[in-house]
Amino acid sequence: MTLTIDVQNLTKTYRVHQKKEGLKAALIGLGKRTYHEVPAVQGIDLQVHQGEFVAFLGPNGAGKTTTLKLLSGVINPTAGHATVLGHIPWKRENAYRRRFALVMGQKNQLWWDLPAQESFRLHQKIYRIETEQFDRSLNELIDVLDVSKLLKQPVRELSLGERMKMELIAALLHSPDILFLDEPTIGLDVVAQHNIQQFLRHYQQTRKITVLLTSHYMKDITALCKRVVIIAKGRIHYDGSLKGITDQFGGYKILTVQFADDIESPPDLSKYGTVQSIQPPQVTIQVPRAEVASVLSHVLNQHDIADVSVEDPPLENMIAEVFSLAAEEENAS
Amino acid sequence: MRTSSHPPYLDVLLTFARNNLVREMTFRMNFIAHGVAVTFWMGLQLFFYNLIYQHRDEIGPGSGWTRERYFVFLATVMMVNSLMQTFFVPNMKLFSELIRKGNLDFALLKPIDTQFLITFARMDWSALGNFFFGIGVLIYALIKMDYVPSVLQCVLYAIYILLGVAIFYSVVLAMATSSIWMGRNQSLDQFWFYITTFARYPLEIYTGSLGTPIRYVFTFIIPVLVVVNVPARIMAMGLREDHWPLACYTVCISLISLFLSRKLFNFALRQYRSASS
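First to last, the protein sequences are chains D and U.
Take the first sequence: its position 217, counting from 1, is numbered 216 in numbering that gives the first Met the number 0, and each next residue is one higher.
Take the second sequence: its position 229, counting from 1, is numbered 228 in numbering that gives the first Met the number 0, and each next residue is one higher.
Hints listed in this document are in silico derivations from the structure and should not be mistaken for laboratory results.
One thing to keep in mind: the hints can contain errors.
To be verified - Below, a list of computed lysine to any residue pairs in the SDA-like style, where the Cα atoms sit at most 25 Å apart:
#	chain 1	residue 1	chain 2	residue 2
1	D	K90	U	Y271
2	D	K225	D	Q203
3	D	K124	U	T113
4	U	K92	D	D112
5	D	K148	U	Q189
Claimed, not checked - Chain U regions said to be covered by chain D (calculated; three or more residues, Cβ under 8 Å):
#	stretch
6	8-16
7	21-31
8	232-240
To be verified - Simulated restraints on C-beta separations:
#	chain 1	residue 1	chain 2	residue 2	range
9	U	L93	D	H16	20 to 28 Å
10	D	H35	U	E96	46 to 54 Å
11	D	L26	U	T211	33 to 41 Å
12	U	L43	D	W111	31 to 39 Å
Think of the CB as a built atom: it goes at the ideal place given N, C-alpha and C, for glycine as much as any other residue.
Produce the entire structure from the sequences given, and follow the hints as far as they go.
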């Protein structure tokens, strides 16, 4: 597999003006300013191969977007190296800029007052796409995303979901080899989210392009990515498969027991693990992974059980755990 | 598939022109109202100077700026301003805004010169009416003077208008670029108005203890005084030998301005930090 993205020790520090509260402080701030350094990305190493679909996970302000902006050459790094498709992104060479696209759920690049079609035409000119190829790509994208009726409507009259579809079309017209997606489903309803996910999966699988995605929606990530990179406080805390998170951080399982009798107060199970909820006749406890088998046999032996289930904890919980671990590490150092 | 690595600037420019026209047409009333307002403002100026020339035969004794000649000057102001308001001022306002909101990101991603992109993305066609209004005033003044300019005069006049626009553009680009450090530049409009105010009058009025410093500052440091004066002199007073030094200087300073403002622009882009999403 070809190495598409190679990042070494990438660092970005912002210098931020410290604003203090109140008018008096603001007046002083006019003259003398205090700055402090905000490390947005702190020495990231990352290798991505062609055709990978990688998710960036992290709390707000973790450095996900900054990383995408560095890789797309929008901002310059403070230190470190990166090559994408053999180019240094922040040199902003046209040869590189022709080969990737960035889609941001929070920003739009289409002309607000014009039908999306006009923005597409402009992209055709800027990227110098042959008319034949342009028509083919556009028709295909319109078809898959089902937006043929919306092409002639001014963008400002489209719904958020429809607009995001148009943004995706604009980004994909020049058939990029790499796609950076920064929270592409933010603010969308469940159906629209699902549509975008389906489209992205289909597109990535047929074209074998490389995709880097940031999102706060676990559904996006489970639906799309095999590889997950967890970033917190500008550092990478996990880089591996989605399942690996469960193995590494999911130290327990969720055991749900349903008692046979329709009893008001089910027996106390707290000796086996942390009780999470009691909803008679059902009790849910959190059991260390290594003890699941023994706990299960104990419970089954000693009580009259109608149903039982053992599950991994929700991914969200584990990720939240990784985040808080990362925050603790950061505070300790 | 991709025929050339060279971005098709003319194609993009024409698409910008077309898209902007379509956009303005969707807001028909705004288009008309804006055109009327701009023309009205210029008409008011004409009226105002007419008023002054009812009291004076010439502005600045011996300067040669009689009423008709001054109308040539005013026509030049109109044309230069109209070109600026149609093409560059709206773009620079937008540029400043893009920086503040972090939307410059998309411009930086495109495989085309970023300065070109942010310079021509918007065109305010309704402001172009004044250009033709200016031509009208010019023709009127020339008829009144009973003066027929030579072909060379006309060609030089057009060239110097373009050079003047280049200087204005460089100044406004530099001002807008400063938004990268200032975070925002709300005073762009006001600054633009103040600076161009100086350019709206003949050089000859900037004499004496008040005028001379202003003349030097706005000729050599922020060279906006040559923008209108040089072409207006060519058209109104013919090709006079004593006007040549300033004319030569204008060619040099316009090229230097373009060069320096581009340098500043490229330097600023490296400092761009992109607002958070």
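Hint-by-hint comparison with the structure:
Between K90 (chain D) and Y271 (chain U) the alpha-carbon distance is near 13 Å, which keeps this suggested pair within the 25 Å criterion. Taking the CA atoms of K225 (chain D) and Q203 (chain D), the gap is about 13 Å. The hint holds against a cut of 25 Å. Taking the CA atoms of K124 (chain D) and T113 (chain U), the gap is about 15 Å. The hint holds against a cut of 25 Å. Proposed proximity of K92 (chain U) and D112 (chain D) is supported: the alpha carbons are some 18 Å apart, at most 25 Å.
Restraint check for K148 (chain D) and Q189 (chain U): the C-alpha separation of about 44 Å exceeds 25 Å, so the hint is violated. As drawn, the stretch 8-16 of chain U meets chain D at 4 residues by the rule of a beta-carbon pair under 8 Å; at three or more, the given contact holds. Under the rule that three or more residues need a Cβ within less than 8 Å of chain D, the assignment of the stretch 21-31 of chain U holds, with 4 such residues. Here's how the stretch 232-240 of chain U fares: 0 of its residues keep a CB closer than 8 Å to some CB of chain D, so the rule of at least three is not met and the hint is violated.
Here the CB-CB span from L93 (chain U) to H16 (chain D) is close to 25 Å, well matched to the stated 20 to 28 Å. A hinted range of 46 to 54 Å is violated for the C-beta pair H35 (chain D) and E96 (chain U), which are about 27 Å apart. For L26 (chain D) paired with T211 (chain U), a C-beta distance near 38 Å keeps the hint of 33 to 41 Å intact. Take L43 (chain U) and W111 (chain D): their Cβ atoms lie about 33 Å apart, and the range 31 to 39 Å holds.
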